Amino acid sequence: MRLSILLLAAWVAAAPSRAWWFGRQGHDPYKKAAAAYEGGRYAEVIQDLSPDSLQLVSYRHLDRAYEYLADSYARTGRVTAALGTYQLGVRLFPKDARLLSEFGELLHQAGLNEQAKPLFDSALALSPNNPQANLGVAEIDAALGFYRRGRAHYFKALETMNDNPAVWAEYAEVLWRLKDYPMAEDAAQESISLSSSTQTEVLLAFIQRSGGHLRQAIGTLGRAAARSPERTDIALARALWMTEAGDWNESLAVDNAVLDKFPQNPLGLWIRASIMLHKGQRREARADLAVAARAQEESPFVAAVAAKMLARLNIPGAR
Amino acid sequence: MNRRLLGITLGAFFLCAGTSRAALDLSQDGLLRDHLWNEFLALPKNRRPIVGVALSAGSARGLAHIGVLQVLDDAGFPIDVVAGTSMGSVVGAVYASGIPAARAKTLLENADLRSIANLGTFSLLRLVISDKLLSSRGVATALNRYLAGKQFEELPKRFACVSMDLDSGEAILFRQGNVGEAVRASMNLPGVFAPVEYRQRYMVDGGVVDYIPIDAARIMGAQWVLASVTEPDYTLSRPKNVLQNLDQVIDIRSSLMASAQEKRANFVIAPGSDGIGMFQFDRVDEAVDEGIITAHKRVDAAEENLILFALDDILPALPATRSSP
Chain X
28 MRLSILLLAA WVAAAPSRAW WFGRQGHDPY KKAAAAYEGG RYAEVIQDLS PDSLQLVSYR
88 HLDRAYEYLA DSYARTGRVT AALGTYQLGV RLFPKDARLL SEFGELLHQA GLNEQAKPLF
148 DSALALSPNN PQANLGVAEI DAALGFYRRG RAHYFKALET MNDNPAVWAE YAEVLWRLKD
208 YPMAEDAAQE SISLSSSTQT EVLLAFIQRS GGHLRQAIGT LGRAAARSPE RTDIALARAL
268 WMTEAGDWNE SLAVDNAVLD KFPQNPLGLW IRASIMLHKG QRREARADLA VAARAQEESP
328 FVAAVAAKML ARLNIPGAR
Chain A
40 MNRRLLGITL GAFFLCAGTS RAALDLSQDG LLRDHLWNEF LALPKNRRPI VGVALSAGSA
100 RGLAHIGVLQ VLDDAGFPID VVAGTSMGSV VGAVYASGIP AARAKTLLEN ADLRSIANLG
160 TFSLLRLVIS DKLLSSRGVA TALNRYLAGK QFEELPKRFA CVSMDLDSGE AILFRQGNVG
220 EAVRASMNLP GVFAPVEYRQ RYMVDGGVVD YIPIDAARIM GAQWVLASVT EPDYTLSRPK
280 NVLQNLDQVI DIRSSLMASA QEKRANFVIA PGSDGIGMFQ FDRVDEAVDE GIITAHKRVD
340 AAEENLILFA LDDILPALPA TRSSP
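The listed protein sequences correspond, in order, to chains X and A. Positions 28 to 346 (the working numbering) are the ones given, in order, by the first sequence. Positions 40 to 364 (the working numbering) are the ones given, in order, by the second sequence.
This is chain X alone, in the form it adopts within the complex (with noise of 0.2 Å):
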């Protein structure tokens, strides 16, 4: 395998040579090949630039045809032959800041950060403005728990990508994790404004929640429900919340319209049981919690929490 990349490589990198002589008996296929790449018609980029092709390419369009090439693989699924073609553009042109960068975004893509990262750090000592490659590093560093290098790596993304709802949405997630609620919320606004979705309204509701806006927030996500009717997860979620601000039975009518619809529901029983040990009914509780505590695979800390409730429950003198 090593070997025949090798092999490929060499023959590669022979390209300018003999596009040089071939240029001057047949036609340089770059053209044809960018206009098929622009117009989304991958396969037959693929094609114009098969092996053979390619070494007609003149050399001032080799990097953007390996570009072109190595995209239009990923884009069709083929993404050993994207990987490999993206590794030959970046063995002949390792200034080029675009290959780099999509070759790390292909690789950060699949979750091979630790092999995109020095091809986005590589892209940003070149071209420190490189929003594709500021974007990769920023998106890396939250994964990692670097909020801080995270967030001025956002924010030089944004400065070209400002119109991508979903990069708003990421920075306001990492100014969250901050505690810079403010600027949190703005961001998920300016998300929110470009193109709503679930996920940022769900995202908005615990900015708000988390800045001290608990009310605003049990509404901003019952937007996100009555958007999404099916997300469990949401429903689940503002009943907990409604428990905080102490509107039991609007969260017992939120929690029991799960229920009924997954009567097994580990969180669901958790919450109906805190609420009746609320109300006293610790008999009901402990009806639900017996079931909730025995959900260790599906919701194992849900479980462990349910059974050390149980446990108490029902020592002598617990009613």
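These are calculated hints, taken from the structure and not from any lab test. Small disclaimer: the values here were computed from a predicted structure and weren't measured. Wrong hints could be hidden among the right ones.
In silico DMTMM-like cross-links for lysine to aspartate or glutamate, where the CA-CA straight-line distance does not exceed 25 Å [to be verified]:
| hint | chain 1 | residue 1 | chain 2 | residue 2 |
| --- | --- | --- | --- | --- |
| 1 | A | Lys84 | A | Asp119 |
| 2 | X | Lys206 | A | Asp324 |
| 3 | X | Lys206 | A | Asp339 |
| 4 | A | Lys336 | A | Asp68 |
| 5 | X | Lys206 | A | Asp64 |
| 6 | X | Lys144 | A | Asp324 |
| 7 | A | Lys336 | X | Glu325 |
Label-pair ranges, simulated between beta-carbon atoms [said to hold, decoys possible]:
| hint | chain 1 | residue 1 | chain 2 | residue 2 | range |
| --- | --- | --- | --- | --- | --- |
| 8 | A | Asp206 | X | Leu205 | 48 to 54 Å |
| 9 | X | Gln142 | A | Gly188 | 46 to 52 Å |
| 10 | A | Arg303 | X | Lys288 | 43 to 49 Å |
| 11 | A | Lys196 | X | His240 | 28 to 34 Å |
| 12 | A | Lys336 | X | His240 | 28 to 34 Å |
| 13 | A | Pro83 | X | Gln142 | 45 to 51 Å |
| 14 | A | Arg292 | X | His240 | 50 to 56 Å |
| 15 | X | Asp213 | A | Leu285 | 54 to 60 Å |
| 16 | X | Ala272 | A | Gln287 | 56 to 62 Å |
| 17 | X | Met210 | A | Gly137 | 23 to 29 Å |
| 18 | X | Ala272 | A | Arg303 | 39 to 45 Å |
| 19 | X | His240 | A | Gln287 | 53 to 59 Å |
| 20 | A | Asp206 | X | Met210 | 54 to 60 Å |
| 21 | A | Arg176 | X | Leu205 | 34 to 40 Å |
Every residue gets a Cβ at the ideal spot worked out from N, C-alpha and C, and that includes glycine.
Based on these hints, arrange chain A on the given structure of chain X.
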């Protein structure tokens, strides 16, 4: 590149692919943890367990504690008690003085730790050639400068550090007097630094007898203790000179002690050392990053552990079995 579309394609292709974003955890466990954690954080100090951290020895590797503390700070852990041994005592003293972990990193990055600890190449060369132990006075001087000469009693958080009496082999717990001098005694590596004389005793590095000061944290009143342990991986090193041999022997002894001690903690976060040598103070960044990455992966589990420990306090409707302090 259309990132989302590509992500779906790749997600299907790479079975190993995990989410790369710090996404909201809306799982049932995640929602309950978030809810109960908020309830826990809202408890008044006198109605929740006293939370302690025990920061292990580990020389340059011990700088990873800064990263661990930063993640705990960000998650809102209400740390009441800090205990440290050796490098853990340096980081612990700075943190207990009220300097946030993120700021402590900058402070220690800017400080020339190698020269403060008198572990520059020239000093080490002199140690080997002249067979005369080095002085660790620079540690006390630098810490007293950072902490404005504070006494233990003046620190905003309860703090203690551990040293060893060279005559009796006893672990000595410092919790009174000048912080800088105590920390100097705690990180006074035997075989490198001359013993520190303190109240008619000769003190050396506490890591020899108490690698992870969990008991010290409990003596200070901590009821729930998180241990940050920078345990060395001695199997990777191949010592080539006198100092590296000494380093290796200390690492083996420390590792054995750490394995036995960490069982006494309620929760352990153990940043990997990633080959950082005992005296590689120029790798502050790497050590701190390792602390952040490891702690970030473990912080949800740490919250769950503390929530379960404090459940009686969080849910007052339950019949209590453990009285709060």
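- prompt: Has the hinted range 45 to 51 Å been met by the Cβ atoms of A:Pro83 and X:Gln142?
  reply: The hinted range 45 to 51 Å holds for A:Pro83 and X:Gln142, with Cβ atoms some 48 Å apart.
field: Hinted pair A:Lys84 and A:Asp119, Cα distance within 25 Å
entry: holds (9 Å)
field: Supplied distance hint 56 to 62 Å, evaluated on CB atoms of X:Ala272 and A:Gln287
entry: holds (58 Å)
message: Taking 34 to 40 Å as the stated bounds, is the beta-carbon spacing between A:Arg176 and X:Leu205 within them?
response: holds (39 Å)
query: Is the hinted range of 54 to 60 Å satisfied by the C-beta distance from X:Asp213 to A:Leu285?
result: holds (55 Å)
query: Could one say that the CB atoms of A:Arg292 and X:His240 fall in the range 50 to 56 Å?
result: With a Cβ separation near 54 Å, A:Arg292 and X:His240 satisfy 50 to 56 Å, so the hint holds.
Pairwise hint evaluation, X:Glu325 against A:Lys336, where the allowed Cα distance is 25 Å at most: Answer holds: A:Lys336 to X:Glu325 is near 20 Å, not above 25 Å.
message: Just to be careful, I want the Cα atoms of X:Lys206 and A:Asp324 compared with a cutoff of 25 Å; is the pair within it?
response: holds (24 Å)
Consistency of beta-carbon spacing, A:Arg303 to X:Ala272, with hint 39 to 45 Å: 40 Å Cβ-Cβ, so the 39 to 45 Å window holds.
- request: For A:Asp206 and X:Leu205, compare the CB-CB distance with the range 48 to 54 Å and indicate the outcome.
  value: For A:Asp206 and X:Leu205 the Cβ distance comes to about 50 Å; the hint holds.
message: Quick check on a hinted range of 23 to 29 Å for X:Met210 and A:Gly137, using CB atoms only.
response: holds (25 Å)
task: Check the following: the C-beta atoms of X:Gln142 and A:Gly188 are separated by a distance inside 46 to 52 Å.
output: holds (49 Å)
The structure agrees with every numbered hint stated previously.
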